[in-house]
Amino acid sequence: MRRLLFLLPVAVFVAIAVYFLLALNPNRDPQLVPSALIDKPAPEFDLAGIGTAPGLALAAFKGQVAIVNFFASWCEPCKDEHPLLMGLQKQVGAPLYGIAYKDKPADTEHFLTELGDPYKAIGVDENGRTAIDFGVYGVPETYVIDKEGRIRQRFVGPLSERDIAQELLPLVRQLQQS
Amino acid sequence: MKRLLALTLLLILLAPAAFAVEPSERLADPALEARARALSEELRCLVCQNETIDESSAPLAHDLRVLLRQRIAAGDSDAQAVKFLTDRYGDFVLLKPPVEPATYVLWFGPIAVLLLAAGGALIYLRRRKAAAPAAPLSAAEQRRIERLLQEDG
Amino acid sequence: MIIELGHFALILALCLAALQSTLPLYGASRNHAGLMAVGQSAAVAQFVLIALSFAVLVNAYVTSDFSLATVVDNSQSTKPLLYKVTGVWGNHEGSMLLWVLILSLFGAAVALFGDNLPPSLRARVLAVQGMIGVGFLTFIVFTSNPFLRAHPAPLDGNGMNPVLQDPGLAFHPPFLYLGYVGFSVAFSFAVAALIEGRVDAAWARWVRPWSLAAWCALTIGIAMGSWWAYYTLGWGGWWFWDPVENASFMPWLVGTALIHSAIVVEKRDALKSWTILLAIVTFSLSLVGTFLVRSGVLTSVHAFAVDPTRGSYILVLLVLAIGGSLTLYALRAPSLQGGGIFAPISREGALVVNNVLLTTAAATVFLGTLYPLFLDTIGGPKLSVGFPFFNRTFVPLMVPALIAVAVGPLLAWKRGDLRGALQRLWVAFAAALAVALVGLYLAGFKPILALLGLALAAWVGIGVLCEWADRVKLFRAPAAETWRRARHLPRASYAMTVAHFGLAVSVAGIAASAFEVEQIQMLHPGDTLPIAGYVLKFDGTVKVPGPNFTADIATVDVMRNGATVEVLHPERRFFPLQQMTTSVTAIRTNFLADLYVALGDPDDTNGSTIRAYWKPLTPWIWMGAVIMAMGGLLSLSDRRWRVGVAARRRLPAAHPAPGE
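Protein chains in written order, with this note's numbering: chain A, 2 to 179; chain B, 692 to 844; chain C, 275 to 934.
When the alpha-carbon atoms are kept at most 25 Å apart in a straight line, the in silico DSS-like pairs for lysine-lysine are as follows: (1) B:787 / C:656; (2) A:80 / A:121; (3) C:656 / A:41; (4) B:774 / A:41; (5) C:747 / C:541; (6) B:774 / C:656.
Just so you know, these hints were derived from the structure itself, not from any lab.
Given the structure is predicted, the values throughout are model-derived calculations rather than measurements.
So here's chain A without its partners, still in its complex pose (with noise of 0.2 Å):
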């Protein structure tokens, strides 16, 4: 009974060492905050568009599946991530809708004009409270929202070619097939 007493801290080393190894897994982003919204209805949003064009409202993606990006002018990453979203929508076979974070509708334009339009409309939120309804605590991030406008996934940070080839465009085709 004694010798048992002394294998427990060896014991709950071992255990501790499991968790760490788990840990160390590359998968594993430590910043990452998981989204609380997820298989839950998108928020009622209703926003203006830049200069004339029309807004963007959640009742435009009522019955098909739709990417929605939250990006700003003077963030880097959304510039990183710029030239994959242009070819998106065809690449994906869903409407792309963009929505500018925190960002002077002049300044969004500029970025558009510069770097290319590749939103089916684009939805302006300068104090950021759409956002905050959407859960969004960084740009960029991508919402995919599914026909019956539920949020089912999110993607923190700059999209890469492999988060799109292997998780986004598989998760809209069965979403659309649904």
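Once you've looked at the hints, dock chains B and C against the given chain A.
Just chains B and C now, kept in the frame of chain A:
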């Protein structure tokens, strides 16, 4: 890796010198403001490293502080105002983890360790008390002691 | 050329460490004096080589040698000299080199000052130190080499994080490492004792000074880090339960338990296996801390650049070192003979209580720090654990511990008189009660925890003085007698008084932070802001360039009764290279309270946000830590430690004299 780098860049942009609640954010009613401050101190700033939204100067923290005050001013109770945030950001935004089955080990662990350690100590102490006294000296050892005592004087 | 010398010295040190970890161990088991002596020469030579290597790295930073990749990443030519030097350890590779430098320093110290250790014990201790050295030197040479070149060498570097360019923070790592790595000696002694199969009073006499030295350094290191956070971050916070802060706090808690437990081993030959376990666990926690900071498994303001491959390497080190030592413990510890018997109510009993509470506290901090990680790895919800958790779990554990601090020293060894001890503490009890009542009268029931903290601080502070008064028979014997007794009290006894008093001072400072007063206003030049009996007058800001930053410096007149008592200059500094702003707060302290003024964001009309705080007793937090460390140093200077185990007399029976 690239994503991590990008997010890190983002954090650097958003996390300059930290200064907390701005005078312009404060609510007029001191009681409501006090509630808001107390709640902010228990909410995590998501884009900072280990700061509350009360302390952080990140823009997101500012937004959340303003939002919290709006909810409180609109008549939400403390729990409702916090729920508004956890609905959107999940339980991660709470610095005090909820007491639920997933966190029983966390919340009851310390007391369990204390009871275990205290119990172990008590058993140890009881055993010490009951331990047999030192074995009596053999004849040879007795002679040796006498010799040494005589030598040292 | 010099760089290659430094690199080569490092590799040579690794080879020496390998020799140091094997030959003396073999020599000890065979009782071969020559092989055992190899340990000493290897340890000293290893230190010299690593010191050389470190000097080369420092030189590379000072001369801004941008052919070295780490210098490029972490330095720039316009940095002030002090920060060029301290920048050596402001990054992963350099700090690891500092780590092994201190490790080899302690090894060399045991080799040079360990002449009165039994040779086999010394050989084994040095062998274990060598093993740790091998582990970390291979880590450095293969994964974190500071001597890697940058091709092609750029014209200037990327600069250091501006937040690190500060004297307080610059010296925080060396003290911390002296602490962390210092506990490696206790670890080596513990493992060596397990290999020998024997723990006696001589062992404890040896372990205590080294553990105490490491503990003093760790106390100072943690206090420096906390103080830096206080004056830099702009709102006066000084402890955040950040994972890496906790990683330094846990070894401190267990290290405190260790130095107290070793007293029982030395004086009463009891608690042996428990003390061995504490020695192993303290250093293990240092190693775990190293893992947490450098592997990227946790987010923390302290984390170095993340690299999971480095993390895997350190995990292997952890498994070998901690797993190995704990397995050895499981195998050998049961056969350690227990010694002195004692009643539960006794000084030993009090020290057992102290151990139980401190280790539970460390376990609590461990749980709070790592639980989110554990949940995350098994796919559970993502949670965060902060202040509220620790306030509800850690703080309640400290209450009985603090009560025991005053009572324990008044209990006799073997069998103590609890009632007598409590009676002798009536003054302390009265003081605590008085503090509590005055506090309740002034502040009401709301800050009840803070009042409890202040009362406990009074209990410990006055209790410590009561114990001293009791030992010198103050007021119970003629003054001459008291004076004589006071002069002849062993230094270690005064050390205990000083250290425990320092604890009381810190606790008071911590508790009083609940009573701080805060004023945050947007002020324009000429505006005033009243706070805590002072009136602050804001006189505007000026822009001033610095070596690698531009500063906005504000002028704030601190007035009392209409007269200016001091002019404060809080600043904001903008570093163009890193695009970062840091703040320099202005603090006026009279050592009883701090008047703390920070500069906030400006508005468009020449105004600035001024944040002013009046923080009563806050300087006592760090003053208390310094006093505690002084107590530790005082204990180290006790002549009995230098004498160590009494020299063996050449008697026919050759029994060592029992010492004190």
